[in-house]
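If you read the protein sequences in the order shown, they are chains A and B.
Be aware that the first sequence starts at 314, since it is given in the numbering used here, and climbs by one per residue.
Be aware that the second sequence starts at 314, since it is given in the numbering used here, and climbs by one per residue.
It should be emphasised that the hints constitute simulated quantities derived from the structure, not laboratory data.
A portion of the hints provided could be inaccurate.
Cross-link-like lysine to any residue pairs, in silico, SDA-like; alpha carbons within 20 Å at most [as the list claims (entries may be wrong)]: (1) B:Lys379 <-> A:Gly392; (2) A:Lys456 <-> A:Val359; (3) B:Lys315 <-> A:Asp435; (4) A:Lys315 <-> A:Tyr347; (5) B:Lys315 <-> A:Gly387; (6) B:Lys315 <-> A:Tyr381; (7) A:Lys315 <-> B:Phe346; (8) A:Lys315 <-> B:Lys372; (9) B:Lys315 <-> A:Tyr347; (10) B:Lys327 <-> A:Glu390; (11) A:Lys315 <-> B:Cys342; (12) A:Lys327 <-> B:Glu390; (13) A:Lys315 <-> B:Phe388; (14) A:Lys315 <-> B:Lys379; (15) A:Lys315 <-> B:Tyr347; (16) A:Lys315 <-> B:Val450; (17) B:Lys315 <-> A:Met314; (18) B:Lys327 <-> A:Gly331; (19) A:Lys315 <-> B:Glu325; (20) A:Lys473 <-> A:Asp435; (21) B:Lys315 <-> A:Cys342; (22) B:Lys315 <-> A:Pro323; (23) B:Lys315 <-> A:Phe337; (24) A:Lys327 <-> B:His319; (25) A:Lys327 <-> B:Phe388; (26) A:Lys315 <-> B:Thr344; (27) B:Lys372 <-> A:Asp332; (28) A:Lys379 <-> B:Phe388; (29) B:Lys327 <-> A:Pro323; (30) B:Lys315 <-> A:Gln348; (31) B:Lys379 <-> B:Leu448; (32) B:Lys315 <-> A:Asp343.
There are 2 protein chains.
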Amino acid sequence: MKFCSHCATPVEVKTPEGDNRPRFVCPGCDTIFYQNPRIVAGTLPVYRNGDLHQILLCKRAIEPRKGYWTLPAGFMENGESTVQAAERETLEEANARVISQSAFTMISVPHINQVHLFYLADLPEPEFSSGSESLEVALFDEKDIPWKEIAFPTVARTLKHYFANQHDPQELQRCASSVIELDQALKKLEEEEKQRYKSANRQTS
Amino acid sequence: MKFCSHCATPVEVKTPEGDNRPRFVCPGCDTIFYQNPRIVAGTLPVYRNGDLHQILLCKRAIEPRKGYWTLPAGFMENGESTVQAAERETLEEANARVISQSAFTMISVPHINQVHLFYLADLPEPEFSSGSESLEVALFDEKDIPWKEIAFPTVARTLKHYFANQHDPQELQRCASSVIELDQALKKLEEEEKQRYKSANRQTS
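Take these sequences, add in the hints, and give me the full structure.
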């Protein structure tokens with residue numbers, strides 16, 4: 314940020330009175346610009362095919378992590394609720410209409426200023442197709458999940474959490490309270506992500 | 314938003330290619346400015362005084378709702394997790410060190426582009442004092458909660474949810490999965506809030 318978005322004066326970085334951290338502040342009109350984490354909301358769509366629980370995954374058509382598989386998710390927009398955001402993203406990326414059951418995982422990713430929130434959702438019918446941000450959309454049995462081609466650690470973590478509890482409805486119900494546990498697992502996730510970026514950089518340099 | 318914060322060119326409002334809603338876009342440097350909801354994170358600090366469960370509330374020293382009681386909470390900052398934000402706000406507003414147990418309520422407030430997230434937390438010792446944003450901080454038994462002076466509907470809702478389940482640890486544990494229920498209760502909350510604003514405007518005009 315270089316200029317005030319209200320009056321175009323060059324902004325300064327300083328800690329406003331009564332605040333305890335540096336912000337962009339406009340010396341012309343005194344506006345303080347706060348920068349806050351964004352919510353990425355999505356679903357874990359489950360299609361019950363007899364005894365099999367199949368999960369809907371999308372192959373990303375855009376960066377970051379183009380060509381890798383993810384759960385349908387994206388940035389929550391102003392004017393909507395977290396559930397609305399999760400279901401809208403599922404419709405946009407996979408043309409799938411799901412019925413959200415409950416918040417399932419919430420994982421903070423502080424080094425990129427995001428909070429990832431996944432709702433457990435029913436996919437009543439196996440009806441879906443690629444949205445503009447997906448190359449491919451498909452249902453996966455647990456044994457076929459492409460673990461080495463999952464786009465983001467928070468998606469892998471959410472999938473593992475589901476498969477660990479899928480046959481225990483009460484446990485699934487309680488899973489939302491695993492938020493803390495996941496939050497504490499953050500350091501490990503960050504470490505994995507750093508390693509992956511390092512390794513990706515080595516491959517491209 | 315009137316000017317690009319990168320190059321000071323006046324911004325335009327248009328729907329970028331591949332997008333489906335209007336954004337502020339800079340015709341000079343092509344930057345798209347997304348605006349997203351912010352997370353308000355806080356705690357519901359419980360001090361167990363024998364059989365009594367007492368709740369820590371703060372009387373607000375700042376607008377909005379100055380002079381009304383709230384749970385300690387505030388905007389999540391970049392670089393922190395949701396739990397860190399909730400505990401930091403509790404320390405700043407009430408000088409209280411709490412131990413978070415689990416995410417307890419998450420309530421979207423779309424008409425002000427916020428998501429309110431409260432962690433259930435233990436206050437191990439009755440040690441607290443007013444931070445700079447609080448006029449007063451105090452422990453309340455259920456029967457003494459100042460229901461008519463609670464600052465925000467999401468705080469009232471979180472308190473009611475706690476008292477309805479306080480004597481059932483298993484139910485408390487399951488409460489995080491009430492996210493959906495609370496989300497669906499949104500319309501009612503919004504209606505209450507609108508009525509309150511209307512009534513406040515009548516009083517001041």
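Against the structure, the hints come out as follows:
Restraint check for B:Lys379 and A:Gly392: not satisfied, since their Cα atoms lie roughly 26 Å apart, outside the 20 Å limit. Simply put, A:Lys456 and A:Val359 have alpha-carbon atoms about 15 Å apart, close enough for the 20 Å limit, and the pair holds. The straight-line distance between the Cα atoms of B:Lys315 and A:Asp435 is roughly 43 Å, outside the 20 Å bound, and the hint therefore fails. Between A:Lys315 and A:Tyr347 the CA atoms are separated by roughly 14 Å; this keeps the pair inside 20 Å, and the hint holds.
Between B:Lys315 and A:Gly387 the alpha-carbon distance is near 27 Å, which puts this suggested pair outside the 20 Å criterion. This hinted pair does not check out: B:Lys315 and A:Tyr381 have alpha carbons roughly 38 Å apart, beyond 20 Å. For the hint pairing A:Lys315 with B:Phe346, the CA-to-CA distance comes to about 14 Å; that is within 20 Å, so the pair holds. Taking the CA atoms of A:Lys315 and B:Lys372, the gap is about 37 Å. The hint is violated against a cut of 20 Å.
At roughly 17 Å between alpha-carbon atoms, B:Lys315 and A:Tyr347 fall within 20 Å of each other, so this suggested pair holds. The straight-line distance between the Cα atoms of B:Lys327 and A:Glu390 is roughly 16 Å, inside the 20 Å bound, and the hint therefore holds. Proximity of A:Lys315 to B:Cys342 is assessed by CA-CA distance (about 13 Å); at most 20 Å being required, the pair is judged to hold. Taking the CA atoms of A:Lys327 and B:Glu390, the gap is about 16 Å. The hint holds against a cut of 20 Å.
For the suggested pair A:Lys315 and B:Phe388, the alpha carbons sit about 23 Å apart, so the restraint of at most 20 Å is broken. Note on A:Lys315 and B:Lys379: the hinted pairing is violated, with a Cα-Cα distance of about 34 Å set against a maximum of 20 Å. Only pairs whose Cα atoms come within 20 Å are accepted, and A:Lys315 paired with B:Tyr347 is accepted, the gap being roughly 17 Å. Under the criterion of a C-alpha separation no larger than 20 Å, the hint pairing A:Lys315 with B:Val450 is inconsistent with the structure, at around 40 Å.
Straight-line distance between C-alpha atoms of B:Lys315 and A:Met314 comes to about 14 Å, which keeps the hinted pair within the 20 Å bound. With a C-alpha separation of about 37 Å, the suggested pair B:Lys327 and A:Gly331 falls outside the 20 Å cut-off, and the hint is violated. The hinted pair formed by A:Lys315 and B:Glu325 meets the criterion: a straight-line CA distance of about 18 Å does not exceed 20 Å. For the suggested pair A:Lys473 and A:Asp435, the alpha carbons sit about 18 Å apart, so the restraint of at most 20 Å is met.
Using a Cα cut-off of 20 Å, the hinted pair B:Lys315 and A:Cys342 holds, with the two alpha carbons roughly 13 Å apart. Pair hint B:Lys315 plus A:Pro323 holds up; C-alpha atoms about 14 Å apart against a cutoff of 20 Å. This hinted pair checks out: B:Lys315 and A:Phe337 have alpha carbons roughly 17 Å apart, not beyond 20 Å. Restraint check for A:Lys327 and B:His319: the C-alpha separation of about 18 Å stays at or below 20 Å, so the hint holds.
For the hint linking A:Lys327 to B:Phe388, the alpha-carbon distance of about 19 Å falls within 20 Å, and the restraint holds. Our distance criterion of 20 Å between C-alpha atoms is met by A:Lys315 and B:Thr344, whose separation comes to about 13 Å. Note on B:Lys372 and A:Asp332: the hinted pairing holds, with a Cα-Cα distance of about 19 Å set against a maximum of 20 Å. Annotation: proposed proximity of A:Lys379 to B:Phe388 is violated, straight-line Cα distance about 32 Å (limit 20 Å).
This hinted pair does not check out: B:Lys327 and A:Pro323 have alpha carbons roughly 25 Å apart, beyond 20 Å. A C-alpha spacing of about 18 Å is found between B:Lys315 and A:Gln348, which places the hinted pair at or below 20 Å, so the restraint holds. Proposed proximity of B:Lys379 and B:Leu448 is supported: the alpha carbons are some 9 Å apart, at most 20 Å. Between B:Lys315 and A:Asp343 the CA atoms are separated by roughly 15 Å; this keeps the pair inside 20 Å, and the hint holds.
Of the numbered hints stated above, those contradicted by the structure are hints 1, 3, 5, 6, 8, 13, 14, 16, 18, 28, 29, listed in ascending order.
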